[in-house]
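Asks: Assemble the complex: chain W is given as a structure, and chains S and P must be docked to it using the hints.
Below are the chains, spelled out letter by letter.
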Amino acid sequence: MSLLRRLGEKSWETPGAEAYREPDSYRPAAATVGVYVYFGVATVIFTLIAAAYLARMGLPAAMEHGAGADWRAMPEPPLLWINSGILVLSSLAWEAARRLARRGEIGRMQAATLAGGGLGLLFLAGQLLLWWHYQTAGYFLSANPANAFFYLLTALHGLHLAGGIAAGVRALGQPGDAGRAARNVRLCAVYWHYLLLVWVLLAGLLVMT
Amino acid sequence: MATTIADDLTPMHHPRTWVGKYVWSQDHKVIAIQYSVTAIAIGLVALVLSVLMRLQLGFPGVFPWIQPENYLQYVSMHGMIMVVYLLTALLLGGFGNYMIPLMIGARDMVFPFVNMLSYWVYLLSVLVLVAGFFVPGGPTGAGWTLYPPQAISEGTPGSQWGIVTMLVSLAIFIVAFTMGGLNYVTTVLQARTRGMTLMRMPLTVWGIFIASIMGLLAFPALFVAAIMMLLDHVAGASFFMPSMMSMGQATDTLGGSPILFQHLFWFFGHPEVYIVALPAFGIVSDLISVHARKNIFGYRMMVWAIVIIGGLSFIVWAHHMYVSGMNPYFGFFFATSTLIIAIPTAIKVYNWLLTLWRGDIHLRVPMLFALAFLFTFIHGGLSGLFLGNVSVDVPLSDTFFVVGHFHMVMGVSPILVIFGAIYHWYPKIAGRMWNQALAQVHFWVTFLGVYAIYLPMHYLGVLGVPRRYYALGETSFIPESAHLANQAISIAAIVVFAAQFLFFYNMIWSLFRGPKAGPNPWGAASLEWQTPDTPPRHGNWGAKLPTVYRWAYDYSVPHAPRDFIPQDEPHPKDTAP
Amino acid sequence: MRVAIVIVALVLGSVAFHLLSPWWQTPLASNWEAIDSALNITLLICAVAFIALNLFLALALIRFRHRPGHRARYDPENPSLEKNLTFWTALGIAGMLAPGLVAWGKYVDVPKDAAVVEAIGQQWQWTFRFPGPDRVLGTAGVEYMTPDNPFGVNPLDPFGRDDILVESNELHLPKGQPVKMILRSKDVLHDFYVPEFRAKMDLVPGIVTYFWMTPTQDGTYDILCAELCGTGHHQMRGSVVVEPREQFEGWLAGQMTFSDLLAGASPEAVTKLFAQANTCTRPATWGMR
Numbered sequence: 001m002s003l004l005r006r007l008g009e010k011s012w013e014t015p016g017a018e019a020y021r022e023p024d025s026y027r028p029a030a031a032t033v034g035v036y037v038y039f040g041v042a043t044v045i046f047t048l049i050a051a052a053y054l055a056r057m058g059l060p061a062a063m064e065h066g067a068g069a070d071w072r073a074m075p076e077p078p079l080l081w082i083n084s085g086i087l088v089l090s091s092l093a094w095e096a097a098r099r100l101a102r103r104g105e106i107g108r109m110q111a112a113t114l115a116g117g118g119l120g121l122l123f124l125a126g127q128l129l130l131w132w133h134y135q136t137a138g139y140f141l142s143a144n145p146a147n148a149f150f151y152l153l154t155a156l157h158g159l160h161l162a163g164g165i166a167a168g169v170r171a172l173g174q175p176g177d178a179g180r181a182a183r184n185v186r187l188c189a190v191y192w193h194y195l196l197l198v199w200v201l202l203a204g205l206l207v208m209t
Numbered sequence: 001m002a003t004t005i006a007d008d009l010t011p012m013h014h015p016r017t018w019v020g021k022y023v024w025s026q027d028h029k030v031i032a033i034q035y036s037v038t039a040i041a042i043g044l045v046a047l048v049l050s051v052l053m054r055l056q057l058g059f060p061g062v063f064p065w066i067q068p069e070n071y072l073q074y075v076s077m078h079g080m081i082m083v084v085y086l087l088t089a090l091l092l093g094g095f096g097n098y099m100i101p102l103m104i105g106a107r108d109m110v111f112p113f114v115n116m117l118s119y120w121v122y123l124l125s126v127l128v129l130v131a132g133f134f135v136p137g138g139p140t141g142a143g144w145t146l147y148p149p150q151a152i153s154e155g156t157p158g159s160q161w162g163i164v165t166m167l168v169s170l171a172i173f174i175v176a177f178t179m180g181g182l183n184y185v186t187t188v189l190q191a192r193t194r195g196m197t198l199m200r201m202p203l204t205v206w207g208i209f210i211a212s213i214m215g216l217l218a219f220p221a222l223f224v225a226a227i228m229m230l231l232d233h234v235a236g237a238s239f240f241m242p243s244m245m246s247m248g249q250a251t252d253t254l255g256g257s258p259i260l261f262q263h264l265f266w267f268f269g270h271p272e273v274y275i276v277a278l279p280a281f282g283i284v285s286d287l288i289s290v291h292a293r294k295n296i297f298g299y300r301m302m303v304w305a306i307v308i309i310g311g312l313s314f315i316v317w318a319h320h321m322y323v324s325g326m327n328p329y330f331g332f333f334f335a336t337s338t339l340i341i342a343i344p345t346a347i348k349v350y351n352w353l354l355t356l357w358r359g360d361i362h363l364r365v366p367m368l369f370a371l372a373f374l375f376t377f378i379h380g381g382l383s384g385l386f387l388g389n390v391s392v393d394v395p396l397s398d399t400f401f402v403v404g405h406f407h408m409v410m411g412v413s414p415i416l417v418i419f420g421a422i423y424h425w426y427p428k429i430a431g432r433m434w435n436q437a438l439a440q441v442h443f444w445v446t447f448l449g450v451y452a453i454y455l456p457m458h459y460l461g462v463l464g465v466p467r468r469y470y471a472l473g474e475t476s477f478i479p480e481s482a483h484l485a486n487q488a489i490s491i492a493a494i495v496v497f498a499a500q501f502l503f504f505y506n507m508i509w510s511l512f513r514g515p516k517a518g519p520n521p522w523g524a525a526s527l528e529w530q531t532p533d534t535p536p537r538h539g540n541w542g543a544k545l546p547t548v549y550r551w552a553y554d555y556s557v558p559h560a561p562r563d564f565i566p567q568d569e570p571h572p573k574d575t576a577p
Numbered sequence: 001m002r003v004a005i006v007i008v009a010l011v012l013g014s015v016a017f018h019l020l021s022p023w024w025q026t027p028l029a030s031n032w033e034a035i036d037s038a039l040n041i042t043l044l045i046c047a048v049a050f051i052a053l054n055l056f057l058a059l060a061l062i063r064f065r066h067r068p069g070h071r072a073r074y075d076p077e078n079p080s081l082e083k084n085l086t087f088w089t090a091l092g093i094a095g096m097l098a099p100g101l102v103a104w105g106k107y108v109d110v111p112k113d114a115a116v117v118e119a120i121g122q123q124w125q126w127t128f129r130f131p132g133p134d135r136v137l138g139t140a141g142v143e144y145m146t147p148d149n150p151f152g153v154n155p156l157d158p159f160g161r162d163d164i165l166v167e168s169n170e171l172h173l174p175k176g177q178p179v180k181m182i183l184r185s186k187d188v189l190h191d192f193y194v195p196e197f198r199a200k201m202d203l204v205p206g207i208v209t210y211f212w213m214t215p216t217q218d219g220t221y222d223i224l225c226a227e228l229c230g231t232g233h234h235q236m237r238g239s240v241v242v243e244p245r246e247q248f249e250g251w252l253a254g255q256m257t258f259s260d261l262l263a264g265a266s267p268e269a270v271t272k273l274f275a276q277a278n279t280c281t282r283p284a285t286w287g288m289r
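Residue numbers (full-length UniProt numbering), protein chains in the order written: chain W, 1 to 209; chain S, 1 to 577; chain P, 1 to 289.
This list has only true hints and no planted wrong ones.
Using 25 Å as the maximum straight-line C-alpha spacing, the simulated BS3-like pairs for lysine-lysine come out as follows:
| id | chain 1 | residue 1 | chain 2 | residue 2 |
| --- | --- | --- | --- | --- |
| 1 | W | Lys10 | P | Lys83 |
| 2 | S | Lys573 | W | Lys10 |
| 3 | P | Lys175 | P | Lys106 |
| 4 | S | Lys21 | S | Lys544 |
| 5 | P | Lys112 | P | Lys180 |
Derived contacts from chain P toward chain S, CB cut-off under 10 Å, selection only:
| id | residue |
| --- | --- |
| 6 | Phe17 |
| 7 | Ser21 |
| 8 | Trp32 |
| 9 | Leu101 |
| 10 | Val142 |
None of these hints come from the bench; they were simulated from the model. The beta-carbon is built from N, C-alpha and C at its ideal position, and this holds for glycine as well.
Pulled out of the complex, with its shape left as it was, chain W reads as follows:
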């Protein structure tokens, strides 16, 4: 039943339990709903920072913020592309884990999960290296708003990734309940893809401007 039809229900005219028996597939698992709702929260966070980024750059001149004269874009070292590549590989590993989980191949799923999580850690290490690289080159947070936005965005993205790795570890650490572990690994994979998408958009923003 479509959402609009359900919101149009005249519930006083249709008493009884039979008329509104819902199909069993109607309610997705709580964790799934929770993760998708959280995507909304994270999307707002990253969208607003991106909007603030553009406003602070002085792009929407109509806003009359008077900002942007001091904006100095950062260089794009090769490490940025290497890290992005690692994150793509990591996402591929998670995707493999997700498919294996669906097919019920628990052993291979665990291996793929470990690979995905490990590559995720490697990405985070790479990001830290990138920070160090910028710091030594004099691109401090306080030196320019472009730098400050870069550190802010990468830090928030990295925290989200770290949370994903923690959730993945927790999902694997439930050996007794294979079905639940598989479901949680699938959720982690979806979450990972979401963060990859966020990263691609953020990197695009950083590179384009």
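Replies: Quick look at chains S and P alone, frame taken from chain W:
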């Protein structure tokens, strides 16, 4: 993967120790009470601050220990505590937690552990907030809006440490709220019992549900703004800090945009009004319906109005910024969107009134508070039209008209609903009934008192009395009588303040000495009154979850033996062989 | 029953309070009748709604209060009634929005012949600048500020030399002359607010804001700061004297220009002032002319 509705209690974690039951509890009802008590405790601090403010405004110079910086600190902390740490926490963390599982027929929230964590993180945010009173320089005095650059510049109280504790506390609060909010939304979507379709939910659940979604999408704006301002303050960034002088010295900041902060703040701040208002709208609908023994009029329209208001409230934020220096052409759009949002809100008011029409109105104390809400909300809603109507806002913005308006609409109105709701559900939560006489006195003093406080403020605002002034001082346009008005307002405020202790005394006394209340003293149809135990036990529903056969508003159904039919009472066509 | 009577009494009391209280708008001293009339239309529509809704509430409470044997009507919804109510509400809303938007249209549309006057806010005082005979304000910014150049006028900008600096919190304006108030802040947010003019606007550091109005009544009016700007917020006062043009011209002629200021300063101070201006490589943040 689908989840079928589980009747069995086995997966629930039943604690055995007292600490497990009442401190580290994962029971939504205990968490709700923890949230409520904490919120009311910190709210009392804010209430005392408001009395201090009124002492200064009513009797300037009489209290030499209230200096301008103290006054601004009272203003700022009072505002932030009331809006975020009291109203949001109490309506969603308190009522949301208690009511959602009971009203939709669930055993608990879907993530009980996260729910518990949400409370403890909230408590941490409150402690960090309170720490602001003890840091060098005291709490921030930048106003609850925390506008940069003054919030983090010399010349504003608490611009060194107070602002840091405030921003950190807000960030922690938002983490706590996000954990709670995910729970509320997911529980409503996922854990409704058999037969509980979306359109059979009581409006209380609808209000809290939509408010939670809005909170999840609006609080990130405040989170981002708080983090960015923290970086400006402690790490030398210049997101919001332009090139400027501070105490005669040029700062090394450059190019930042104070207006950018205002956009972020109000992108949170306006939905926040409705995050507080929508649960109150939902609760008051149920109070009116139960005590008028009549179904809520236009239930579908009420649900749609809640959803539409929730959506529209994300595109009206800049009506707080008409004279902020943003591009003035934005005013046309935001005035129009703001006044459009008045239409679904007005429909809600009509439907409350039409619910009373041809009802069978029992004027019990919860109903009295609901009626008082109608009066103050009509008043506050209408005065909001002045401020939304862009050019009319120009003379009124930053005057006492604004203070009168927002206290009427999002201070007094939701708090009257909260009182009504506490009186209404107290028999279920405590199992006992409160004292009638004390409750009546509390109601009359509060209702008449708040009107005496906030009606004159509108008129002072039209006269041009600016807000956030430590003292009016000498002006050519403020007559002596306005100072008298200020004194009268202050006296009314102190009387209302004192009356609240009747309420606390009544609640605590009744907890031990009140007469036992039955399981359903008001004859309410919704599910929370049909629990097998009063107060409900851990797990809420005994061995088997209830099945819902009808909507939550079957009052005075023609030919029914009683004037209400509980939601879980089978319909003849279900029981027929 | 009691609550119904109280609600009727509160409605009547509110109306009486409105009619009898001495607190209402100050006498208008500018061209913004449009704002006042938009306010009055809004008030009228809101008052009708306030009285009607609350009297209906009281009537419902009296007629349908609980009596033994009485039973409520089962009345789920009435779409045509709700549609009607929506329509009339929308009409009322449109009725107040239209004059509001029309007045805003005038507010954002500065007349071409408006004279430019700059108000500068800092914690916690006001100063003012007039453009001088060339009718153009010189560029300015905090980066040009020295103890001898408190207004931060750019000494390299020829348009700034004849600017008239009013280092006092008293502003004079000619009656009947449309004025575009250019607003700058040296430090934090402020707001230029004269209750009798109705118009106000924030001062935002880093950018230039503005509004316009025409003073229409001779007199002296208070300037208040209407945006919280720190501990001295309530003391940030000034006054504006509206007077006939001849008197205004006389007052203006007695003020100091930026050239006078440069001429009066010590040679070291002037050297320093120019040296600081020469180090400014980025465009002046207050570049509005």
